[in-house]
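**Student:** Sequence:
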Amino acid sequence: MSGGWVYILANRKQGALYTGVTADLPARMVQHRSGIGRKFCAEYGIDKLVHVEWHDRIEDAIVREKAIKRWRRAWKIELIEAANPDWRDRWFEICG
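Using UniProt numbering, read the sequence shown as starting at 1 and increasing by one per residue.
Read the hints as simulated data drawn from the structure, not as lab findings.
Keep in mind the model is a prediction, meaning the values are calculated, not measured.
Certain hints may be false.
[Stated by the list, open to error] Straight-line C-alpha distance at most 25 angstroms; calculated SDA-like pairs for lysine to any residue:
#1 76 / 55
#2 13 / 43
#3 13 / 59
#4 13 / 2
#5 13 / 3
#6 39 / 69
#7 69 / 47
#8 13 / 57
#9 48 / 73
#10 13 / 26
#11 48 / 74
#12 48 / 62
#13 48 / 89
#14 66 / 76
#15 39 / 67
#16 39 / 82
#17 13 / 37
#18 39 / 56
#19 13 / 56
#20 48 / 18
#21 13 / 58
#22 66 / 87
#23 13 / 81
[Claimed, not checked] Taking CB as the label site, the calculated pair distances span:
#24 59 / 88: 26 to 34 angstroms
#25 60 / 82: 17 to 25 angstroms
#26 34 / 93: 28 to 36 angstroms
#27 15 / 94: 17 to 25 angstroms
#28 75 / 12: 16 to 24 angstroms
Beta carbons are placed, not taken as given, at the ideal position from N, Cα and C, and that holds for glycine.
Generate coordinates for the entire structure from the input sequences, incorporating the hints supplied.
**Tutor:** Laid out in structure tokens, this is it:
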């Protein structure tokens, strides 16, 4: 198997968050941005890519995603702000 991405989306700075995993980040982001990703994301306008991690093995990405999903919200915010303090949309850097 090939690698995968763990990502966190937000609707605004310190707003609603969604954590996901995918092998094809550009395609997944197109889904999220067109409203066909997750119902939760579409409902709350969650489409800004604020955190992203690459893992060489998709299995490792899945383990990491599951771990982050269990984290407290404050820990997720710390993770985002460590690399992206302005909560800029990294879509343009990564996929754009």
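**Student:** Each of the hints needs a verdict: does it hold here or not?
**Tutor:** Here's how the hints hold up against the structure:
With a C-alpha separation of about 18 angstroms, the suggested pair residue 76 and residue 55 falls inside the 25 angstroms cut-off, and the hint holds. For the given pair, residue 13 sits about 17 angstroms from residue 43 by alpha-carbon distance, which is consistent with the 25 angstroms threshold. Using a Cα cut-off of 25 angstroms, the hinted pair residue 13 and residue 59 is violated, with the two alpha carbons roughly 30 angstroms apart. Proximity of residue 13 to residue 2 is assessed by CA-CA distance (about 32 angstroms); at most 25 angstroms being required, the pair is judged violated.
A C-alpha spacing of about 29 angstroms is found between residue 13 and residue 3, which places the hinted pair above 25 angstroms, so the restraint is violated. For the hint linking residue 39 to residue 69, the alpha-carbon distance of about 17 angstroms falls within 25 angstroms, and the restraint holds. Pair hint residue 69 plus residue 47 holds up; C-alpha atoms about 17 angstroms apart against a cutoff of 25 angstroms. A threshold of 25 angstroms between alpha carbons decides the hint, and for residue 13 with residue 57 the separation of about 30 angstroms lies outside it, so the pair is violated.
A distance of roughly 17 angstroms separates the Cα atoms of residue 48 and residue 73; the hinted pair therefore holds under the 25 angstroms criterion. For the suggested pair residue 13 and residue 26, the alpha carbons sit about 22 angstroms apart, so the restraint of at most 25 angstroms is met. A hinted pair counts as satisfied when its Cα atoms are at most 25 angstroms apart, and residue 48 with residue 74 qualifies at roughly 18 angstroms. Distance restraint check for residue 48 and residue 62: the Cα-Cα separation of roughly 21 angstroms lies within the 25 angstroms cut-off, and the hinted pair is therefore satisfied.
Only pairs whose Cα atoms come within 25 angstroms are accepted, and residue 48 paired with residue 89 is accepted, the gap being roughly 5 angstroms. A distance of roughly 13 angstroms separates the Cα atoms of residue 66 and residue 76; the hinted pair therefore holds under the 25 angstroms criterion. Proximity of residue 39 to residue 67 is assessed by CA-CA distance (about 22 angstroms); at most 25 angstroms being required, the pair is judged to hold. With a C-alpha separation of about 28 angstroms, the suggested pair residue 39 and residue 82 falls outside the 25 angstroms cut-off, and the hint is violated.
Taking the CA atoms of residue 13 and residue 37, the gap is about 20 angstroms. The hint holds against a cut of 25 angstroms. Simply put, residue 39 and residue 56 have alpha-carbon atoms about 29 angstroms apart, too far for the 25 angstroms limit, and the pair is violated. Note on residue 13 and residue 56: the hinted pairing is violated, with a Cα-Cα distance of about 29 angstroms set against a maximum of 25 angstroms. Simply put, residue 48 and residue 18 have alpha-carbon atoms about 10 angstroms apart, close enough for the 25 angstroms limit, and the pair holds.
For a cut-off of 25 angstroms, the pair hint linking residue 13 to residue 58 is broken: about 28 angstroms separates their Cα positions. This hinted pair checks out: residue 66 and residue 87 have alpha carbons roughly 22 angstroms apart, not beyond 25 angstroms. Of the supplied pair hints, the one linking residue 13 and residue 81 holds, its CA atoms being roughly 10 angstroms apart against a limit of 25 angstroms. Checked against the hint of 26 to 34 angstroms, the C-beta distance between residue 59 and residue 88 comes to roughly 30 angstroms, which is consistent with it.
In this structure the supplied range 17 to 25 angstroms holds for residue 60 paired with residue 82, their Cβ-Cβ distance being about 20 angstroms. Residue 34 and residue 93 have their C-beta atoms about 20 angstroms apart, which leaves the hinted 28 to 36 angstroms range violated. Restraint check, residue 15 to residue 94: a C-beta distance of roughly 20 angstroms satisfies the suggested window 17 to 25 angstroms. Checked against the given bound of 16 to 24 angstroms, the beta carbons of residue 75 and residue 12, roughly 19 angstroms apart, stay inside it.
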